[in-house]
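S.K.: So the protein sequences, as listed, match chains A and B.
With the numbering used here, letter number 117 in the first sequence gets 583, and the count goes up by one each step, no holes.
With the numbering used here, letter number 52 in the second sequence gets 1094, and the count goes up by one each step, no holes.
Mixed in with the good hints, there may be bad ones.
To be verified - Only some residues are given here: those of chain A computed to face chain B with a beta carbon under 7 Å: (1) 476; (2) 542; (3) 564.
Unchecked claim - As a list, the in silico SDA-like pairs of lysine to any residue whose alpha-carbon atoms are at most 25 Å apart: (4) B:1195 with A:560; (5) B:1195 with B:1120; (6) A:541 with B:1166.
If you are wondering where the hints come from, they were derived from the structure by calculation, not from laboratory data.
Bear in mind that the values here come from a model prediction, so they are computed numbers and not experimental data.
C-beta: ideal position from N, C-alpha, C; glycine also.
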Amino acid sequence: MSLPAGRPRPEPTPETQHFWEGARAGELRLQRCTACEKVYFPPRPFCPGCGSREVAVFAASGRATLHSYVIHHRKVPGFEPPYAIAVVELEEGPRMMTNIVDCPQTPEALQLDMELEVAFTPMDDEISLPLFRPAQGSDRGERA
Amino acid sequence: MSIAPGSIAIVGAAESTRIGAVPEMSQIMLHADAALNALADAGLKPADIDGVACTGAMMTQQIAHYLGITPKWVDGTSVGGCSFMLHVRHAAAAIAAGYCRTVLITHGESGKSRINATPRPPEPQSLNGQFEAPYGPFGPPTLFPIPVLRYMKTYGVTHEQLAMVAVVQREWAGRNPRAAQREPITVDDVLNSRMIAYPFRLLQCCLVTDGGGALILTSADRARDFPQPPAYLLGTGESVETNMISQMEDFTSSRAFRVAGPTAFQAAGIRHADVDHLMIYDAFAHLPLYGLEDLGFVGRGEAGAFIEARHTAPGGRLPMNTNGGGLSYTHTGMYGMFALQESVRQVRGQAPAQVPDVKVSVCHGVGGMFSASGTVILGRERP
């Protein structure tokens, strides 16, 4: 799958470089605090729970559930309406914004709490976006 | 130490001469037009002002110089559409501390005509630019409603209840000659209006207008010297959470609301039963629901049914958004100033859709997609 031109392109910073390098390598990288074990997102080199600078990067499972979304119906650069702007809840706890692919962009198909898995999708040689699709082998029902 | 309830008062309040489509004024002139109207309302001249607050990077110096004011105190707090609630709070503290005596708070925004308007693109290196913008949000209609489906599923709130918010506010707008949209609408009209970002349709999204507003605050000891009835400041609160809506800790409730609202109630020393009139910033139809619940007027998940039962409608026991709100009155982009203006009018007894005998008005604002909040409680009498 390729992405149409015009989508806003993220520019990594020193604090987020590991996330985007992971995405390019097909790995969803989160951070965990060594002191209090909080897992957090978006990336930063310290724990937003306790302030410790002792944090470690790790590869998340890529499994998530659909937390909420809107389906945008207006044409904007880089997107073909209607398209869902979604927030998913990762298995490890943090939430992130994304798009849901390989799935009709309808309220009927997009059921809250449906199981998802990450599907990295390249924008260019440097940036791959962590999009999500219905989990393979899932009946797309709610997680038990 | 806290400021005694009623020790600071709003003694001047006005909107720009025209609101809606105002193509004859740039953004800075909308500030100035509203400021001049508020000064006239208070019987003051620019030289009488020694404190200035407005939103925007380096805007306080632009506004002060444009109006010919030499301030001893400035506040440029810019946290979105509720910034003015925070300005009121900060101004009260500054007056109480003796930093200044008479504060002018201004708002002007050419939201519709976009003359000298502020651009708001997310920088691609910002956290929003890296972790939200690539997924296609395009302005508030695609961001602010993102939590709504989770809220609806959690509490069984219906599309019809969320449509009723717009219906009730149009009823209030019908009583207000300055409201942009005054024709009555039904739940079916709302649910058949053009889809913008599911679950919200056109009539559940705020207007986009031009306009301005200004407030003048001073010590309550001087408040009787002004031509208008004072609106006494009983209590205030403020907070921020996150400017990434994807990172809100709870999609069914705003943490910033839960801090700002109770802080203001506690400072004012009032209970919910004391509230005669309520404004809850309604950029989109779900905000009054979150506000009613997070401020404790109703229990969790009860706000949809509360509005559906017409408790906030004309004749209801908790009149809310009586100017028609951001949905039907006006919404420049930062509506909080207009909510404050309506609270002042109601406390003065001068509103077009006047609620009988308003002694206490609660005005609750939101900023930047649930990222910030400010609450201001006004009273007709000094406690």
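S.K.: Give a verdict on every hint.
M.R.: Evaluated hints:
The criterion of a C-beta within 7 Å of any C-beta in chain B is met by residue 476 of chain A, whose closest approach is roughly 4 Å, and the hint holds. Given the 7 Å rule on beta carbons, the hint for residue 542 of chain A holds: about 4 Å separates it from the nearest Cβ of chain B. For residue 564 of chain A, the shortest C-beta to C-beta distance to chain B is roughly 6 Å, which falls under 7 Å, so the interface hint holds. At most 25 Å may separate the alpha-carbon atoms for a hinted pair to count; residue 1195 of chain B and residue 560 of chain A meet this at roughly 20 Å.
A C-alpha spacing of about 33 Å is found between residue 1195 of chain B and residue 1120 of chain B, which places the hinted pair above 25 Å, so the restraint is violated. With a C-alpha separation of about 21 Å, the suggested pair residue 541 of chain A and residue 1166 of chain B falls inside the 25 Å cut-off, and the hint holds.
When held up to the earlier numbered hints, the structure conflicts with hint 5 and nothing else.
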